[in-house]
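Novice: Next come the chains, spelled out residue by residue.
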Amino acid sequence: MSWTGARSPLAGGSPPGGGSANLADLLERILDKGIVIVGDVRVNLLDIELLTIKLRLLVASVDRAKEMGIDWWEHDPSLSSKARRDGVEGGRDRELEEENRRLRERLAALEAGGAGDGAESRKESRS
Amino acid sequence: MTEVRTDGGTAVYLYGVARDLDPAALPGTGVAGAPVRGVPAAGLTALVSTVRLEEYGEAALRANLEDLAWLEATARTHHAVVERAARAAPTAPVRIATIYSDDDRVAEVLTSEGGRFAEILDRVAGRTEWGVKAYAAPAPAVQDAPPAEPSSGTAYLRGRQREQRRRADAGRRSAELAGELHAELADGAVASRHHPAQDARLSGRTDVQVLNAAYLLDDDRVEEFLAAAQRAQDRLAGIELEVTGPWPPYSFIEGDR
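Chains A and B are the protein sequences, given in the same order.
The opening position of the first sequence corresponds to residue 1 in the UniProt record's numbering, with each subsequent residue numbered one higher.
The opening position of the second sequence corresponds to residue 1 in the UniProt record's numbering, with each subsequent residue numbered one higher.
In isolation and in its complexed conformation, chain B is listed as follows (with noise of 0.2 Å):
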């Protein structure tokens, strides 16, 4: 592995992968204001561009990746210079904070690990990730609700045994509602993955997140994937569906497992 110093000096920041690249594609400005280059090797092009040590080192980056305002600036930088090469050519995402010593290196990785880029960029070529987000809005309160005042200790613990059975049962049908509507969205793709939950704080939505999943569509079937969520939406009520994309195809750079 080679020795990367660490006082002034720069090093090369990777992006991601790219497969008929044309040049002039190529996204503009990439993180801490350096202009992105490709790196030519094995018949592919790495996105790159320089950064100083000063903010990329070993020791710097374990300090900036704990600032929230850095790293959300570095992961939307990311995210832009790997989506619009995205636009352009296949393109494979490298994890962000991916560090080079300089363009040898990166070419030798290009070489080194060759087979196993050509075959992320087979599975994704002509492809797009969608996000397809659902949510139960809470169930309704219930008509015969405990009094205020339960009368016993043994009142008061039956009606919270019911309300958390109705809450439970809630839930089984919302997750029920979610299975299915999973089932149909991934019919028209060719991958999902399911993502966690994301937290309320996070999504900052007040409802109950029961699907988080990204779907792997052919660019000739996205519009009948919109349809289809579109019906969904449409049928089931008490479900709200958040669809984003398209996203360069980060939830699918692992195979099937």
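One chain only, chain A, in its complex shape (with noise of 0.2 Å):
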């Protein structure tokens, strides 16, 4: 068993921040994870080409795991890489996407607005 962690019952671990943790490791949590809300800077993640393809990259392994039967993610929602996948793939996939998007953040707008709170969503539904 490999560790990495500041308390591994292992001699010399080390935590897995600053330049120690695996990139892979990192990425799945920062790029995929954390509160999403909109800011003034608007950019959609998954409008990056790169972020988008290290994403795929993460999952690359997807087919091959599946032949053995290992798809376990596939019950997770959060996980939605195979709906990115198309997405980036189709054209006409990616139009569609794009289209939902904007109809979950009018939605989302107008639920707000009928619970009477009266301030503008800034919720982003995640796509």
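A hint or two may mislead.
Stated by the list, open to error - Between beta-carbon pairs, the in silico distance windows are:
{"id": "1", "chain 1": "A", "residue 1": "R101", "chain 2": "B", "residue 2": "R52", "range": "23 to 31 Å"}
{"id": "2", "chain 1": "B", "residue 1": "Q230", "chain 2": "A", "residue 2": "L110", "range": "32 to 40 Å"}
{"id": "3", "chain 1": "B", "residue 1": "T206", "chain 2": "A", "residue 2": "L107", "range": "43 to 51 Å"}
{"id": "4", "chain 1": "A", "residue 1": "L103", "chain 2": "B", "residue 2": "L68", "range": "45 to 53 Å"}
{"id": "5", "chain 1": "B", "residue 1": "G33", "chain 2": "A", "residue 2": "L110", "range": "38 to 46 Å"}
{"id": "6", "chain 1": "A", "residue 1": "L45", "chain 2": "B", "residue 2": "R231", "range": "37 to 45 Å"}
{"id": "7", "chain 1": "A", "residue 1": "R101", "chain 2": "B", "residue 2": "E224", "range": "36 to 44 Å"}
{"id": "8", "chain 1": "B", "residue 1": "E254", "chain 2": "A", "residue 2": "R106", "range": "32 to 40 Å"}
{"id": "9", "chain 1": "B", "residue 1": "S152", "chain 2": "A", "residue 2": "R101", "range": "38 to 46 Å"}
As the list claims (entries may be wrong) - Now the stretches of chain A that chain B is said to cover, found in silico as 3 or more residues with beta-carbon under 8 Å:
{"id": "10", "region": "30-37"}
{"id": "11", "region": "106-112"}
Simulated from the structure, these hints should not be mistaken for laboratory data.
Even for Gly, the Cβ is constructed at its ideal location relative to N, Cα and C.
Mind assembling these two chains? They're in different frames, but the hints should get you there.
Specialist: Now the structure itself:
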């Protein structure tokens, strides 16, 4: 068993912070997790080609894993890499994805208004 | 939505939101070398630093995010800031590249999203995230390997079929082991999340990743969890565990689905 952690029972472990964290471990958390709130500078990370490619790379072994019957992530809706990948490969899918996103934002705004707080919704639905 | 000037000027980069953070514990340096400071509002502290729109404006950000070296440096700094804060107080990380026009806007967001932040902070307070990946060694080569030059096309196809079945069987056994392992580890955790399997090019390993999961642990149950992982490692032949942590609770921002 190998260990990267401050409280490792094995000697020589270091916390995953700083420069020591495995980049894959870091990116799968930093790019894909964390609270999503709409900033004033609006950049949709899913529009960034490199990020989309990197996220694809994270799951590039999917086909091989599936062949072996390993498919646990498919039951986890937050792991939307398949949808993401499909969106990147097909222009039509991408359009639909974009339209979907706009509709969801609109819906969220309407719902927030209907809830009576009158505030503009700043929540961005995860697409 | 506030208009952001993209010529010259500055903006505010948000790393995360903390509760009961001692200002003395504020992490030192943030992205682009700027000092990290706290913006207090609604009983919360936003961790921010000032960035130049030249680098973090919309167009610049879009271009910079395509630059792997820039992305890695920014991701590591973002992580370092969140991690240091998370050691000192309950901290909820915000996704990378969340940028506001100024501190007032950040305070506004703390107030408008306060309920959501509070809920997340309640869930992660006194807890840390630990990652566990499990790798299965590739199944050993078959004893009755087909001859190098099969006598016929049929024999060749049969050989291939046998090989595929064998790999599928070995895979199913690994998947079962990974399932058991996960159930055992999840038992000692408050919550768990599966991450997608990492590609060999990123994990840097040739054996098959059969588990890539994150566990949210109460601080006083970490030792117990690590001991359970060690026991599982000792028991499971052909499976190698890789444990990372403690992480800020990145994977547990969303509630149970």
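Novice: Determine which of the earlier numbered hints do not hold for this structure and return their numbers in increasing order.
Specialist: 2, 4, 8, 9, 11
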